[in-house]
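A.B. asks: Let chain A serve as the given structure and place chain B on it in line with the hints.
There are 2 protein chains.
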Amino acid sequence: MDVRFINPFIAAVKNVFNTMVTTQITVGKPYVINASQEPVADVSAVIGLSGDVVGCVVLSLPMQSAVNAASKFAGMELTPDNPDFADALGELANMVAGQAKSNFTGFNVSISLPSVIIGREHVVSQSRAKPRLALPCESALGTFHVEVVMVVNRPSAKQAPAAATV
Amino acid sequence: MDVRFINPFIAAVKNVFNTMVTTQITVGKPYVINASQEPVADVSAVIGLSGDVVGCVVLSLPMQSAVNAASKFAGMELTPDNPDFADALGELANMVAGQAKSNFTGFNVSISLPSVIIGREHVVSQSRAKPRLALPCESALGTFHVEVVMVVNRPSAKQAPAAATV
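Taken in sequence, the protein lines are chains A and B. One point on numbering: in the numbering used here, the residue at position 7 of the first sequence is 31, and numbering is uninterrupted. One point on numbering: in the numbering used here, the residue at position 131 of the second sequence is 155, and numbering is uninterrupted.
Just chain A, with the same shape it has in the complex:
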């Protein structure tokens, strides 16, 4: 994955959790996910990226971290059976992806609506042909990961409209 995209995600996850969840995040060393050892999660918030870059961003959490993050974001206890729980985590993922993409200088990227998956120990797979990066995050809420897959569609198309894919 193009290293120019990593720092915007690190900055975005720190800033979003700091401002919206009043929680400091320590981001560990990014690593490439081995497709034969897919990480499991209990809650995943998935955002699609398209335009000059195609890919996905996944906020991937164990249940306790997800409950802690959603509850602190909402200012009230949220359990997974509360519809606000998924909305809260989708909104956090949306803000991380939105802030990161605003710093992809020279690339026109748009983001999809978030999908939030809730289910004990599920796996979120991406195409094995595309390298997938994990940003391990530690915080008082618990550990979680931000996973990013991004492939440049048009590296030289600094002013190209993203519309040409229709």
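Mixed in with the good hints, there may be bad ones.
Put simply, identical chains are the same to the list, so a pair is met inside one copy or across any two.
Below, computed lysine to any residue pairings styled on SDA-like, alpha-carbon distance capped at 25 angstroms [said to hold, decoys possible]: (1) Lys154 / Asn118; (2) Lys154 / Pro104; (3) Lys154 / Ala164; (4) Lys96 / Ser60; (5) Lys154 / Gln123; (6) Lys53 / Ala98; (7) Lys154 / Gly122; (8) Lys154 / Ser95; (9) Lys154 / Asp108.
Rather than coming from a laboratory, the hints here were simulated on the basis of the structure.
C.D. replies: Relative to the frame of chain A, chain B by itself:
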């Protein structure tokens, strides 16, 4: 959801499964998913949509239907522990979304890479603020659903580039 988007999805799922999985699909009456009764799935292939329309497409399957579809698509038995299993279902979802979007006349829409979720009885939630439509599908492979959430960003922007969201 804008009804202009429903028929392209019905046509796309029938055509993709007919041509790529040599299976006839009967699509039942579309219905709006009640956010308080989220459907469960064992395998979900999620594609993000963005541009003039933002949203998501989810190919949502029970395990047996997913195994049957992936195996017939690949021409060999594929079980969920085989990395080709997720790739096959992601590719099917990608083709359904790609064919459908090519028929959104006047709208510039681009699609993300697929994410494939594998986990017994997980739930894929979308924002409750956006109506979500389910297309129930029956076939010799088993039953499954195509779920679609789409919100028009720029209804009058027939020639607008999808890039303007950066």
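A.B. asks: Classify it for me, Lys154 with Asn118: is the Cα-Cα distance of at most 25 angstroms met within a copy, between copies, both or neither?
C.D. replies: both (22 angstroms within a copy, 15 angstroms between copies)
A.B. asks: Classify it for me, Lys53 with Ala98: is the Cα-Cα distance of at most 25 angstroms met within a copy, between copies, both or neither?
C.D. replies: neither (29 angstroms within a copy, 37 angstroms between copies)
A.B. asks: Evaluate Lys154 and Gly122 at a C-alpha cut-off of 25 angstroms and name the case that applies: within, between, both or neither.
C.D. replies: both (21 angstroms within a copy, 19 angstroms between copies)
A.B. asks: Please sort Lys96 with Ser60 into within, between, both or neither, judging by C-alpha distance up to 25 angstroms.
C.D. replies: between (34 angstroms within a copy, 23 angstroms between copies)
A.B. asks: From the Cα coordinates, with 25 angstroms as the cut-off, is the pair Lys154 and Gln123 best called within, between, both, or neither?
C.D. replies: For Lys154 and Gln123, both the intra-copy (23 angstroms) and inter-copy (22 angstroms) Cα distances are at most 25 angstroms.
A.B. asks: Measure nothing new, just compare the shortest in-copy and cross-copy C-alpha distances for Lys154 and Ala164 to 25 angstroms and report within, between, both or neither.
C.D. replies: neither (32 angstroms within a copy, 32 angstroms between copies)
A.B. asks: Evaluate Lys154 and Pro104 at a C-alpha cut-off of 25 angstroms and name the case that applies: within, between, both or neither.
C.D. replies: So Lys154 and Pro104 pass the 25 angstroms test across copies only (19 angstroms; inside, 31 angstroms).
A.B. asks: If the cutoff is 25 angstroms on CA atoms, where do Lys154 and Ser95 land: within, between, both or neither? Let me know, please.
C.D. replies: Between copies only: 22 angstroms across, 34 angstroms inside.
A.B. asks: Can you give me the call for Lys154 and Asp108, within, between, both or neither, at a CA distance of at most 25 angstroms?
C.D. replies: Between copies only: 14 angstroms across, 33 angstroms inside.
Checked against the numbered hints above, the structure breaks hints 3 and 6 and satisfies the rest.
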